[in-house]
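K.L.:
For reference, the chains in residue letters:
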Amino acid sequence: AQSVTQLDSQVPVFEEAPVELRCNYSSSVSVYLFWYVQYPNQGLQLLLKYLSGSTLVESINGFEAEFNKSQTSFHLRKPSVHISDTAEYFCAVTKATSYDKVIFGPGTSLSVIP
Amino acid sequence: DAGVIQSPRHEVTEMGQEVTLRCKPISGHDYLFWYRQTMMRGLELLIYFNNNVPIDDSGMPEDRFSAKMPNASFSTLKIQPSEPRDSAVYFCASSWGGSVYGYTFGSGTRLTVV
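Protein chains in written order, with this note's numbering: chain H, 1154 to 1267; chain Y, 18 to 131.
Take the hints with a grain of salt, since some may be wrong.
Derived lysine to any residue pairs resembling SDA-like cross-links, with alpha carbons at most 20 Å apart [to be verified]:
| # | chain 1 | residue 1 | chain 2 | residue 2 |
| --- | --- | --- | --- | --- |
| 1 | H | 1254 | Y | 78 |
| 2 | H | 1248 | Y | 88 |
| 3 | H | 1254 | Y | 37 |
| 4 | H | 1254 | Y | 29 |
| 5 | H | 1248 | H | 1266 |
| 6 | H | 1231 | H | 1266 |
| 7 | H | 1254 | H | 1194 |
| 8 | H | 1202 | Y | 115 |
| 9 | Y | 41 | Y | 102 |
| 10 | H | 1254 | Y | 67 |
Covered by chain H, according to a simulated footprint, are these stretches of chain Y (three or more residues, beta-carbon under 8 Å) [said to hold, decoys possible]:
| # | stretch |
| --- | --- |
| 11 | 60–73 |
| 12 | 119–128 |
Just so you know, the hints here were simulated from the structure itself, not pulled from any lab data.
Beta carbons: idealized from backbone N, C-alpha and C, even for Gly.
Sequences and hints are given; from them, build the entire structure.
P.N.:
Shown next as structure tokens:
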């Protein structure tokens, strides 16, 4: 079975500073990896995903994540955060070989400080 | 497309009462998921459907919970009788072809059982 660990439950960061949200996964088979974002009082939204190919994937709002198979990691980064990035971020994993349910991590609360 | 539509947005009910949560998935999506989110347990998958057929209900906490999907455009999650520990935000999500293209979540129903 797959599992996801998000090591930081809360990450405070000043506006315009860089940020990294850590995600590690466990799986005995190939995986697809996702980052979802949840703004206050809203549902989750897909931020970016890794399916295959380039290990570096980007979102339209400046986030990027890098798939590292040897370290079983999929950390999310942004070089300069904005107040509007304040939200809960969820890393998620599913098996790549056949359809299976997506397993979500516990989430990391990103707070951007003005 | 209006996205995944859930109703009601908020529900306050007394212990012992029946509660019905509703979901309209995105047209054309063939998977539908019900999740529950709490501070203590994070995001939990309760049940999911493929082409209106329940595939995995192993996350349904107990017999008080039931879910149906009578057609491709409507699903319900029912709790009878409700208990205070059922208080949570319940999300419906839909997808096409499983997890590869990501899930689209509704805005959730915040259930409070007093």
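K.L.:
Could you run down the list of hints and mark each one as holding or not?
P.N.:
Verification of the hints:
no.	hint	in the structure
1	H:1254 to Y:78	holds, 17 Å
2	H:1248 to Y:88	violated, 28 Å
3	H:1254 to Y:37	violated, 24 Å
4	H:1254 to Y:29	violated, 30 Å
5	H:1248 to H:1266	violated, 37 Å
6	H:1231 to H:1266	holds, 15 Å
7	H:1254 to H:1194	violated, 24 Å
8	H:1202 to Y:115	holds, 14 Å
9	Y:41 to Y:102	violated, 26 Å
10	H:1254 to Y:67	holds, 11 Å
11	60–73	holds (count 4)
12	119–128	holds (count 7)
The structure is inconsistent with the numbered hints 2, 3, 4, 5, 7, 9, although it conforms to all the rest.
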